[in-house]
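**Q** With the hints as a guide, bring the two chains together.
Each chain is listed here by its residues.
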Amino acid sequence: MRFVFRLALVSLFAALGLAGCARTEHAPAGDAGGAPESSMLTLKGSDTMVILGQRWAEAYMKANAGATIQVTGGGSGTGIAALINGTTDICESSRPMKDKERDDVQAKRGAPAVETKVALDALAVYVNASNPLTEIAIPALRGVYLGDTKSWKAVGGPDHAIVLYGRENNSGTYGYFKEHVLENKDFAAAVQTLAGTSAVVSAVKGDPFGIGYGGIAYLEGIRALKVKKDDASPAVTPSLQTAQDGSYPIARFLYFYTAGEPTGLGKRFIEWVKSAPGQGVIEQVGYYPLPKG
Amino acid sequence: MRRRGGLGERAVEIAIQVVALLSIAAILLILIFVGKEALPVLTSPEVHKDVTPFGMLAPIHRSGEALYMWQPVSDVPKYNIFPLVVGSIKVTIVALIFAVPLSVAAAIFVAEYAREGTREIVKPAIELLAGVPSVVVGFFALVTLASWVQAVFGTEHRLNALVAGLGLAFAICPIVFSVAEDALRAVPRSYREAALAMGSTRAQTVLRVVLPAAAPGIAAAVVLGFGRAIGETMIVVMASGNAALLDANLGRSARTITATIAQELGEVVVGSAHYDVLFALGAMLFTATFVVNFFGERVVDGMRRRLGAGS
Numbered sequence: 014m015r016f017v018f019r020l021a022l023v024s025l026f027a028a029l030g031l032a033g034c035a036r037t038e039h040a041p042a043g044d045a046g047g048a049p050e051s052s053m054l055t056l057k058g059s060d061t062m063v064i065l066g067q068r069w070a071e072a073y074m075k076a077n078a079g080a081t082i083q084v085t086g087g088g089s090g091t092g093i094a095a096l097i098n099g100t101t102d103i104c105e106s107s108r109p110m111k112d113k114e115r116d117d118v119q120a121k122r123g124a125p126a127v128e129t130k131v132a133l134d135a136l137a138v139y140v141n142a143s144n145p146l147t148e149i150a151i152p153a154l155r156g157v158y159l160g161d162t163k164s165w166k167a168v169g170g171p172d173h174a175i176v177l178y179g180r181e182n183n184s185g186t187y188g189y190f191k192e193h194v195l196e197n198k199d200f201a202a203a204v205q206t207l208a209g210t211s212a213v214v215s216a217v218k219g220d221p222f223g224i225g226y227g228g229i230a231y232l233e234g235i236r237a238l239k240v241k242k243d244d245a246s247p248a249v250t251p252s253l254q255t256a257q258d259g260s261y262p263i264a265r266f267l268y269f270y271t272a273g274e275p276t277g278l279g280k281r282f283i284e285w286v287k288s289a290p291g292q293g294v295i296e297q298v299g300y301y302p303l304p305k306g
Numbered sequence: 078m079r080r081r082g083g084l085g086e087r088a089v090e091i092a093i094q095v096v097a098l099l100s101i102a103a104i105l106l107i108l109i110f111v112g113k114e115a116l117p118v119l120t121s122p123e124v125h126k127d128v129t130p131f132g133m134l135a136p137i138h139r140s141g142e143a144l145y146m147w148q149p150v151s152d153v154p155k156y157n158i159f160p161l162v163v164g165s166i167k168v169t170i171v172a173l174i175f176a177v178p179l180s181v182a183a184a185i186f187v188a189e190y191a192r193e194g195t196r197e198i199v200k201p202a203i204e205l206l207a208g209v210p211s212v213v214v215g216f217f218a219l220v221t222l223a224s225w226v227q228a229v230f231g232t233e234h235r236l237n238a239l240v241a242g243l244g245l246a247f248a249i250c251p252i253v254f255s256v257a258e259d260a261l262r263a264v265p266r267s268y269r270e271a272a273l274a275m276g277s278t279r280a281q282t283v284l285r286v287v288l289p290a291a292a293p294g295i296a297a298a299v300v301l302g303f304g305r306a307i308g309e310t311m312i313v314v315m316a317s318g319n320a321a322l323l324d325a326n327l328g329r330s331a332r333t334i335t336a337t338i339a340q341e342l343g344e345v346v347v348g349s350a351h352y353d354v355l356f357a358l359g360a361m362l363f364t365a366t367f368v369v370n371f372f373g374e375r376v377v378d379g380m381r382r383r384l385g386a387g388s
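Protein chains in written order, with my numbering: chain A, 14 to 306; chain H, 78 to 388.
Quick caveat, the hints were computed from the structure, so don't treat them as lab data. Some hints here could point you the wrong way.
[To be verified] Lysine to aspartate or glutamate pairs mimicking EDC-like chemistry, simulated, CA-CA at most 20 Å apart:
no.	chain 1	residue 1	chain 2	residue 2
1	A	130	A	243
2	A	111	H	127
3	A	163	A	199
4	A	163	H	324
5	A	241	A	258
6	A	130	A	284
7	A	198	H	152
8	A	241	A	148
9	A	241	A	192
10	A	111	A	128
11	A	163	A	196
12	A	198	H	142
13	A	166	H	233
14	H	155	A	196
15	A	111	A	274
16	H	126	A	112
17	H	155	A	199
18	A	113	H	324
19	H	126	A	114
20	H	155	A	192
21	A	113	A	243
22	A	198	H	233
23	H	126	A	116
24	A	287	A	243
25	A	121	H	123
26	A	130	A	112
27	A	163	H	142
28	A	111	A	192
29	A	218	H	233
30	A	111	H	152
31	A	163	H	233
32	A	287	A	274
33	A	113	H	152
34	A	198	A	128
35	A	121	H	114
36	A	242	A	274
37	A	113	H	127
38	A	166	A	148
The shape of chain H in the complex, shown without the other chains (with noise of 0.2 Å):
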């Protein structure tokens, strides 16, 4: 191909890399630039008087009590920075625990069970649902969602952590259902065929060996899915409540850390001390995902070998 192409090809080449280079810069730069601005959080003394690293962390006492507040706007600023990540973890853990099992059980039944003309009837109907605004999913859960998850729980706060992550759910069960189908039919035909000629049943060969064979791809589509649905900011936004509590209780409202980006951004003057702290929030949150990302990587590539050395 190389020899045959000349001119041409060599131009089209270079323009792929370019292009491909670029898309990493532009990363690249957003980093840079995230953490130019968060920087004066750690070193400017201007920025000190207001908030300082170990202010965001430590409680407040007051009255014998130890406070984690976050009232950035108030005459003496506090930004502990505790009852954000709770939120944050709250809502993503809902939304985990409601979307993994649905979308992975959803996987099996399209690449195990379904017969073809339901295959493509049901797959792409899925991954249609990925294209439903987030703001949509967020109003659908403010407005009704909420209604509905009040009266059946009887929660404390009308718009909670449970109702968030419910929406939350709803958003990332596409990217999870598609990574997790993939990875099933992923599995070569030849170890069904194996399972279902020593006698299995279809039960037994999809729980036994199709299913611990994709397991490297499923972790993958997990992983993909907490990182969506931790930077997810709209449907958080609008049903969560955003009020700061450090608690665990999922029926009341919480506020993670995105939406205190989105609320506030706007408002803060740039440069501010509120400025640098929220693009601190946001340097956060990058290396969390990038963490749990690499580590998920990690995790799936040990997963991928031992099974490889297994077969």
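So that you can see chain A by itself, here it is in the shape it has in the complex (with noise of 0.2 Å):
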């Protein structure tokens, strides 16, 4: 009896225990911009921007002692949301925000979402190194998405059912290849939609009929096609240059979102990233500065 009695006495102090935790957990600052001078800071959001925004932490981190820059993934949806929801400082966004979630962030943080462009990403599609296939054009990879073409033959490649990779909907990358590819209209049912871009990677450097699309910085043991606008333009590969001077069909910003002007850390940190440092960490991660002016 006197075991039990122990036993008790030891959960009761691990209970206690679990609840010190979660108080000393940090809470981000629930008002609009945050306080002004918390030396803590939280970005969430894109999957595709999840490493460049560690990276642009690191080194902020490293040249500012006293500021701790916290970085999550999640999806720009999942961002979004913690925007609204208040659990984020700043949201990182791979798409604009839509009209229905500035609404969102004004009515529930009670101030107007900033938008801030802070870097440039070419969408890559992705197949298989050992497809013949070179180029695409953007009316032909609406097809294969929409389920409406269903062999590569029709565009071009082996005569070979055509597995389509793609992301899930709380993804930046998904809306915007949704509204920019797909023109808003829905997906294939068939679409697999995997966590994250490089799982989009793994499984189409895994399936010599798979395609799949995502951020220029995860080509690795795939490739990616030259792309065109209508079969009538050119096939452009992507790249820094075709990215910043437009050429590329679908190269698209990268945003940082904030309920209200950023203040305090926050101004300073995304002033930082727009600056030479700041912009000079992008290329190193895979994707491309804003163009210059």
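**A** Following this line, the structure appears as structure tokens:
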């Protein structure tokens, strides 16, 4: 019986300990723009941007002792929901916010959503390295992802069914692709939705007849197709130059969003990201800096 | 005991009761929370602009075809639950088909045939499998198992219901094995002695006497395995491909209810129609598991009583 009593005591202490842990967890500033002199900043959102955000955070924290920046992914939609719900200071997003989301930020946070463009990305169309296809036009790509085109043969490839890979629907990449390639029509039901661009990459790597899409930074063991705006246009390789001059048809900006004008650490961090050292980090990760001016 | 215990004894008794009640209260609160968040699907006119309970079941007719679609992020959101329900059932059945015979056979070996020394190694080793995090199993299924399955069966999709089901089978084997083995060992020694004394062989004893006597326990093991399989998330998210297809083909991708909740709940704005629908899915899953467990228990009890009366 004494043993049982000790057990109860131990559990009690364990419970108290857990409660203590819960209390010390960081709660992001709930007010618009965060507390003015907060030395803690949270970034949440786009999986496309999570590595970029981490590199930025590391470089910034190295240069500015005392600042703590936490970066987590989950998808642009997740980040935007977190901004609306007040659980992150900065939302990383690989697509612009929708009007409805802006309204939600205004309604729930009492401040408008403020957008900052922070980098450029070329959305790559991935195929397996063994696929002989080298280029694809946007209308053909649309047919593939709507499920109208079922064989590689129809787009100039081998005579085999196309296996479609994509992102889950909280992904900014999903939203961007849906809007700019599919003209907002629904993806085919057969698109396999994977969590994160790296999962799409590894799926295409393992599937000779797979096709996927995602950030340009993830090209490893797979190939990116050249993309034509329409059948008559030239095929363009995704690169820094073609993304910056706008000739690559599916290049996009990457964004930071805050509820209200950023203040304190948030403001300093965003200004640093847009400065030369901040923009210098981008290319190490594999994306492209903003066009100058 | 009670008379001798005094104050300390009472305190411990009360403490234990409180702890037990707390765990029941926690489950109740979860149930209430999930139900509360799911309720607007039935009641809120705001939500009904986007989705109605009828809309979650009825197909959409397009150019003469009845389509069952799960496309919550769309100009016209489509929340048909059939592809998800079928997906969950497909992978769960595959998992049970592989896991149950394997685990029960292993349990028979360990309980009836293995020598004490072997048993002491094999049993903990199998039970240790339960400690493998599901993300590890999922990763193995995604990277290695999927390629094998495609090479052997020539499946249309590399990630499919079969791969996810096999991954799940791996996860539920230890549970089914452990419970089944306990059930076999709980069969009184006198049964075996009687059977052997009547001149039956070892195999006859096991198959005709011990196994039927342990049937309620083995049924319980299967029910537990089912609950774990249908509720498992990480493995199916990684290995099933998550395409919401309504078809019976195991070689094609499947999207389960749990995977849908996991992939989409992070995105939704709290209180939106999509959010409420995801909680409704959660409530459905909860109900399904509850019902299966409840009736499972009834069946097990029934068997137990019949056996008790017969012996």
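**Q** Are any of the numbered hints broken by this structure? If so, which, sorted upward?
**A** 1, 18, 21, 22, 24, 34, 36
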